[in-house]
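*Asks:* Sequence:
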Amino acid sequence: MRIMGVEGSELLIQAAAENHLSWFTENARVAGGEVQQRDGLTVIYSPSSSPDALREVTIAFPQWASEGLGAALDAALAFARSKDVRQVSCWSLVPTQPDDLAALLVARGFSWGWEPHWMALDLETATPESFPTPESLELALDEGSPWEVTGIPYYEPRDAPRLRALAQQEPRKTYHFGARLEGKVVGHSLLHVSGGPLHVAGIYNVGVLPEARRQGVGRAVSWAACQHARSLGCRYVLLNAATHIYNRLGFVSLGHGQTWWMFRPALELPPLAPETVAFTEAIGRGDIEALQALPLPPDLDSTLPCKMTLLEAAARLKQPESARWLLAQGALPDIIPLCDLGWRDQVPAALAARPALANRLLGSGGWTPLHEAVLRKDRELARLILAARPDLSIQDLQFKATALGWAKHFGYPEFVSLIEEQLSPAPPTGGN
453 MRIMGVEGSE LLIQAAAENH LSWFTENARV AGGEVQQRDG LTVIYSPSSS PDALREVTIA
513 FPQWASEGLG AALDAALAFA RSKDVRQVSC WSLVPTQPDD LAALLVARGF SWGWEPHWMA
573 LDLETATPES FPTPESLELA LDEGSPWEVT GIPYYEPRDA PRLRALAQQE PRKTYHFGAR
633 LEGKVVGHSL LHVSGGPLHV AGIYNVGVLP EARRQGVGRA VSWAACQHAR SLGCRYVLLN
693 AATHIYNRLG FVSLGHGQTW WMFRPALELP PLAPETVAFT EAIGRGDIEA LQALPLPPDL
753 DSTLPCKMTL LEAAARLKQP ESARWLLAQG ALPDIIPLCD LGWRDQVPAA LAARPALANR
813 LLGSGGWTPL HEAVLRKDRE LARLILAARP DLSIQDLQFK ATALGWAKHF GYPEFVSLIE
873 EQLSPAPPTG GN
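Residues in the sequence shown are numbered from 453 upward in steps of one, following our numbering.
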């Protein structure tokens, strides 16, 4: 078996999903949560450890090959609402199973989330780069003793009872490691062993106090977890991360997954009408026959609970036929979806016909197409939008900044110059 080849990478990605599922499940159960399984859908409820802590439901790695997933997702959301959770997430491998999972989720109010970056370390061949650490650094296995420390990512003193319960499970799967400098706790990591044919463990919740970073603490406490996994007979350690420190420990990239999220504001809305869900699902599948048979929504340009319009959803779900059908029915030709669909050549005409499109606010962050052009570092798009003379005083709803403010914040001088040139008054014309 060529584990680090393409074939092996797929097996390890599947093992990473199984390890996450095991971790989600055990973590919820020791906290008094609940796990529901129906065919290929696992729904995990994690209660809060205190009144201000997070209550959530996780839909973990669906593997659903038959009809009926929509009804199962509706039941999962009804379950989540009955628990008064603050958020619901769905984690999936890529490609998803079924392939229209994103359409089903978006139709019910989920928004796209971050993409887990799966990485693996072969403990039989691991030779991490050497790295310096402070002389006073101490690493030790923790059995759930309370740490009176704040500011460490993924740790609160209220977590101690849960960590202690995890340490007492039989057979034990979870191990918590602490890092101390001068006797003070400054970082931690967590190892969860799921075993399986590939003998894998996963690393979670690596966090270091801000003032203790850039000293090798994060790498050291991660490597301590790896060494412990090796002592337990594990062959591979898996994780999802975006940081370069794991490359230096010998981890290699396997690929990416996908998450979707629904937060409290969307959960507090009444469930969407069945015909609205069916219409959005059809958009997401590119099913024009179904769209023609369904009643047309009264407003094709309204924002869905997923914080997208129908045209934006069609573009994100890569359904150009749905997008063409929506435009034919009178949907506004918003600039960013046109670009995402590969129809940039239509942008000048769309802006000429409707200059106000340059000022429309996008998504949950409420920013303009010019903000988006800055974010994407797309100079051509920025020039097209600026040619429509947009209102450059518009601020986004999240950070309260103009597109020029974004360009300055990100350090994009070309965009600063483009926008400031338009802000400058035109020079007086000569005359006799």
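Fair warning: there could be bad hints in the mix.
[To be verified] Computed list of lysine to aspartate or glutamate pairs in EDC-like fashion (alpha-carbon distance at most 16 Å, straight line):
| no. | residue 1 | residue 2 |
| --- | --- | --- |
| 1 | K636 | D594 |
| 2 | K770 | D552 |
| 3 | K535 | E720 |
| 4 | K770 | E733 |
| 5 | K829 | E773 |
| 6 | K860 | D848 |
| 7 | K770 | E720 |
| 8 | K636 | E663 |
| 9 | K770 | D792 |
| 10 | K625 | E478 |
| 11 | K535 | E486 |
| 12 | K770 | D536 |
| 13 | K636 | E600 |
| 14 | K636 | E567 |
| 15 | K860 | E872 |
| 16 | K759 | D848 |
| 17 | K625 | D594 |
| 18 | K860 | E873 |
| 19 | K636 | E587 |
| 20 | K625 | D797 |
| 21 | K759 | E720 |
[What the hints assert, rightly or not] What follows is a set of in silico ranges between Cβ atoms, one per label pair, in the way DEER data are often shown:
| no. | residue 1 | residue 2 | range |
| --- | --- | --- | --- |
| 22 | E720 | P605 | 23 to 31 Å |
| 23 | D753 | G648 | 26 to 34 Å |
| 24 | K770 | A517 | 18 to 26 Å |
No wet-lab data here; the hints were simulated from the structure. Each residue gets a CB set at the ideal place from its N, CA and C atoms; glycine is no exception.
*Asks:* Each hint: holds or not?
*Replies:* Comparing the hints with the structure gives:
no. : hint                    : verdict
1   : K636 - D594             : 14 Å, holds
2   : K770 - D552             : 11 Å, holds
3   : K535 - E720             : 12 Å, holds
4   : K770 - E733             : 13 Å, holds
5   : K829 - E773             : 28 Å, violated
6   : K860 - D848             : 15 Å, holds
7   : K770 - E720             : 29 Å, violated
8   : K636 - E663             : 12 Å, holds
9   : K770 - D792             : 9 Å, holds
10  : K625 - E478             : 9 Å, holds
11  : K535 - E486             : 11 Å, holds
12  : K770 - D536             : 34 Å, violated
13  : K636 - E600             : 10 Å, holds
14  : K636 - E567             : 34 Å, violated
15  : K860 - E872             : 11 Å, holds
16  : K759 - D848             : 14 Å, holds
17  : K625 - D594             : 14 Å, holds
18  : K860 - E873             : 14 Å, holds
19  : K636 - E587             : 14 Å, holds
20  : K625 - D797             : 56 Å, violated
21  : K759 - E720             : 15 Å, holds
22  : E720 - P605: 23 to 31 Å : 28 Å, holds
23  : D753 - G648: 26 to 34 Å : 48 Å, violated
24  : K770 - A517: 18 to 26 Å : 22 Å, holds
Against the hints set out earlier in the document, violations occur for numbers 5, 7, 12, 14, 20, 23.
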